[in-house]
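**Q** Protein sequence lines, in the order shown, are assigned to chains U and C.
The opening residue of the first sequence carries number 234 in my numbering; numbering runs sequentially from there.
The opening residue of the second sequence carries number 234 in my numbering; numbering runs sequentially from there.
Hints in this document: simulated from the structure, not taken from any laboratory.
Fair warning: this is a prediction, and the values are worked out from it, not measured in the lab.
Please note: incorrect hints may appear among the correct ones.
Copies of the same chain look alike in the list, so a pair counts if it fits in one copy or across any two.
To be verified - Computed list of lysine to any residue pairs in SDA-like fashion (alpha-carbon distance at most 20 Å, straight line):
#, residue 1, residue 2
1, K461, P471
2, K362, H647
3, K461, R436
4, K461, E375
5, K362, E350
6, K362, I348
7, K362, L612
8, K362, G631
9, K362, Q292
10, K461, G631
11, K461, L569
12, K461, A477
13, K362, V507
14, K461, G435
There are 2 protein chains.
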Amino acid sequence: MVPTAAPAGVGAAARESDPAGRSVAELCVAAREASRALAVAPTTVKNAALEAIAALLAQRTDEILAANQLDVAAGAEAGLTDALLDRLRLDQRRVTAIAGALSALVALGDPVGEIIEGWRLPNGLDIRKQRVPLGVVAVIYEARPNVTIDAAALCLKSGNAVVLRGSSTAAHSNAVLAALAAEAAQSQGLPAACVTHVSGGGRDELAELATQRDTVDLIIPRGGEELKAALQAVARVPVIYAAAGNCHVYVDAGADLDRAESIVLNAKVQRPGVCNAAEKLLVHADVAAGFLPRIFSSLRAAGVQLRADERALALAGPGAGEVRLASAEDWDTEYLDLTIAVAVVDSVADAIAHIGRHGSGHSEAIVTADVDAARAFQLGVDAACVYVNASTRFTDGGEFGMGAEIGNSTQKLHARGPIGLRELCTYKYLVEGDGHVRS
Amino acid sequence: MVPTAAPAGVGAAARESDPAGRSVAELCVAAREASRALAVAPTTVKNAALEAIAALLAQRTDEILAANQLDVAAGAEAGLTDALLDRLRLDQRRVTAIAGALSALVALGDPVGEIIEGWRLPNGLDIRKQRVPLGVVAVIYEARPNVTIDAAALCLKSGNAVVLRGSSTAAHSNAVLAALAAEAAQSQGLPAACVTHVSGGGRDELAELATQRDTVDLIIPRGGEELKAALQAVARVPVIYAAAGNCHVYVDAGADLDRAESIVLNAKVQRPGVCNAAEKLLVHADVAAGFLPRIFSSLRAAGVQLRADERALALAGPGAGEVRLASAEDWDTEYLDLTIAVAVVDSVADAIAHIGRHGSGHSEAIVTADVDAARAFQLGVDAACVYVNASTRFTDGGEFGMGAEIGNSTQKLHARGPIGLRELCTYKYLVEGDGHVRS
Chain U
234 MVPTAAPAGV GAAARESDPA GRSVAELCVA AREASRALAV APTTVKNAAL EAIAALLAQR
294 TDEILAANQL DVAAGAEAGL TDALLDRLRL DQRRVTAIAG ALSALVALGD PVGEIIEGWR
354 LPNGLDIRKQ RVPLGVVAVI YEARPNVTID AAALCLKSGN AVVLRGSSTA AHSNAVLAAL
414 AAEAAQSQGL PAACVTHVSG GGRDELAELA TQRDTVDLII PRGGEELKAA LQAVARVPVI
474 YAAAGNCHVY VDAGADLDRA ESIVLNAKVQ RPGVCNAAEK LLVHADVAAG FLPRIFSSLR
534 AAGVQLRADE RALALAGPGA GEVRLASAED WDTEYLDLTI AVAVVDSVAD AIAHIGRHGS
594 GHSEAIVTAD VDAARAFQLG VDAACVYVNA STRFTDGGEF GMGAEIGNST QKLHARGPIG
654 LRELCTYKYL VEGDGHVRS
Chain C
234 MVPTAAPAGV GAAARESDPA GRSVAELCVA AREASRALAV APTTVKNAAL EAIAALLAQR
294 TDEILAANQL DVAAGAEAGL TDALLDRLRL DQRRVTAIAG ALSALVALGD PVGEIIEGWR
354 LPNGLDIRKQ RVPLGVVAVI YEARPNVTID AAALCLKSGN AVVLRGSSTA AHSNAVLAAL
414 AAEAAQSQGL PAACVTHVSG GGRDELAELA TQRDTVDLII PRGGEELKAA LQAVARVPVI
474 YAAAGNCHVY VDAGADLDRA ESIVLNAKVQ RPGVCNAAEK LLVHADVAAG FLPRIFSSLR
534 AAGVQLRADE RALALAGPGA GEVRLASAED WDTEYLDLTI AVAVVDSVAD AIAHIGRHGS
594 GHSEAIVTAD VDAARAFQLG VDAACVYVNA STRFTDGGEF GMGAEIGNST QKLHARGPIG
654 LRELCTYKYL VEGDGHVRS
């Protein structure tokens, strides 16, 4: 999609990768240089930069909204869906919300410099394992301009320079927002290249960014399966993929059925379009006859489309005619809408095995009154978050008390679950002696 | 290299990827299945498996040495260097040492199940972040048969199934050792596929192993730059590369020169062929005239080849004739032998900048009496291990008190520095409520 022509002073920077015509590789080198200063910047300076971003967002709301209107108009012309246009659109309220999130980030502790652990060796050497920034983090995202500020702020606070690559659909909005964040950083004595924006370009530019092993430490994609596949094909820089959430709620034999109903409904319908919403319901055979007619009825009343295996279908009760037999693909599908598939299992071990075969390692819940079942489920389920008697919807950096998050990881290396400030860091060992040599 | 024909009963399994003719992908699926049982195995069972390996090593030493002699004979015929043949060769003493390392591993604590941190949310949800195994770890290594047992034991202890891919040069030795480890695991009720051996095959098989994203969680290569490059080209599974160590010792203006001499000599000559040996010496201009003639003389006496920048060369003193002017490439070279390059710098900031340009992020040391210089160096140097007044040679899982190590990481994601038992783990969040739903 080619952005429409912008009025002078608004979208000019968005039409090229860089106003100075630098390549992605050159921009990444500049970000690496900037990261060295940022890595040792005091917390007070980083917080002042976040506050300066908030102040500029308030001062320049008109300019931001004007740039955003160009993107929205071009998107409408290009036939974007209403849902996509809504994600793309900024207004006064949304800009205020973005600025508000910055204040919350200022209030959080600085992960940089934390001593994770430390000990003295028998030979007297003192070792401290200290949290330090990764260096340069690239965030690749789709047409949500708020991510520009969210990602820049999380990276600044954690001492990382950020390379932002948004969608061309939001090119005008992102250019204004990224330039504003860079200006705010600079106003506090940090290098402007702490916030580097790479806009426009296509797959070639993505591949160029994804192969800058010498300058970029981590890529975080925030997008769907298409972006993931594109990155997997070309990335040489480490990537943390925020994979799909095919989350299960398992209602055990001993479950309180009121509690089970409340948790299943919350996990499915409170916000169905997100990765921590439940997509599957497993019910123990001992309570299936009592629970299924009731939960099918409640889910239907909440507008949920129902699919079931043969055993669950046979127990669906009066409304069985509206329940479809689930296909084999259903068990591996993340619907991200008001649909759920239901199966009957014979034991907690069967539930664990089902989740082992079909789960995506995101968030899994058991509802039970039986402490042995709870323990077996926590031990046996291999996922980022394993819940006992609580909704899967709590998997979120904010809900977990980690402050903001930049995504949610279902991979096992480095960060699993919410990716917050600490997860944007690495560590180094500081070792102190008084002339120690190895014998 | 084609292994020579083996007598019946010794090398049969080494001639094919698998006695049952299974593909690498199929072997990885079996390892994944085995990993589920191993992940929840009690520490007592895992330790008993390690002890069973030690017992079998003692019982079957003759069989092991017979298989090893086939590899050594074939290697000699193929013209391997003496150094490579020495790495390949096993004898009674070395087998005993491998078994001894297992006892040390038994004595270490189990990383699985450790609570890394935990907290209660304002809404009453209790969160624990618990260490759990990664699942399946593939270790790719060169012709050192001892790695077969070391890697299998570290993975077993940390609850991970291991897929071992050794060099075809050690195919007979590895087949016997891996089969023995699998048998020991099985004798304690663990699945034999906890230790899976992939031998023979070439680049195609490496690529097959490196793309098993659904079954393999991590690849750890233990080899040189050639293996690294081969993996980088094909790997889709996450890899932790144990990169080169271009380590520096910086002698600051205020350094005690006796201490500096002792640390430089230790870091360079105590074991020059390893990644934590010093390859570069930086000396502050204020002490260069006093220190350089002395350290050049000591290093030369220890058999070290000397290279220097122009400033250091000018101060080399009486033996300057034996010091070569360093080339631009020298500063980026890991010699791994008795060679060192020396430069004069004007400040701790210059030393940090030099290390930032040329260091490989492994181990860097400052020798100083000045607390501000020490603090600046620790803050400014971006490396896995930063030493004050101690030799770089301490970077090692054993020296650090972490027990054994499977390698040393110079990358920033997941594990930096020694990769021990904990670094072979991930974590999961266990969340407990009493009917909590999100509002």
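**Q** Can you give the numbers of the hints that this structure goes against, from lowest to highest?
**A** 9, 10 and 13
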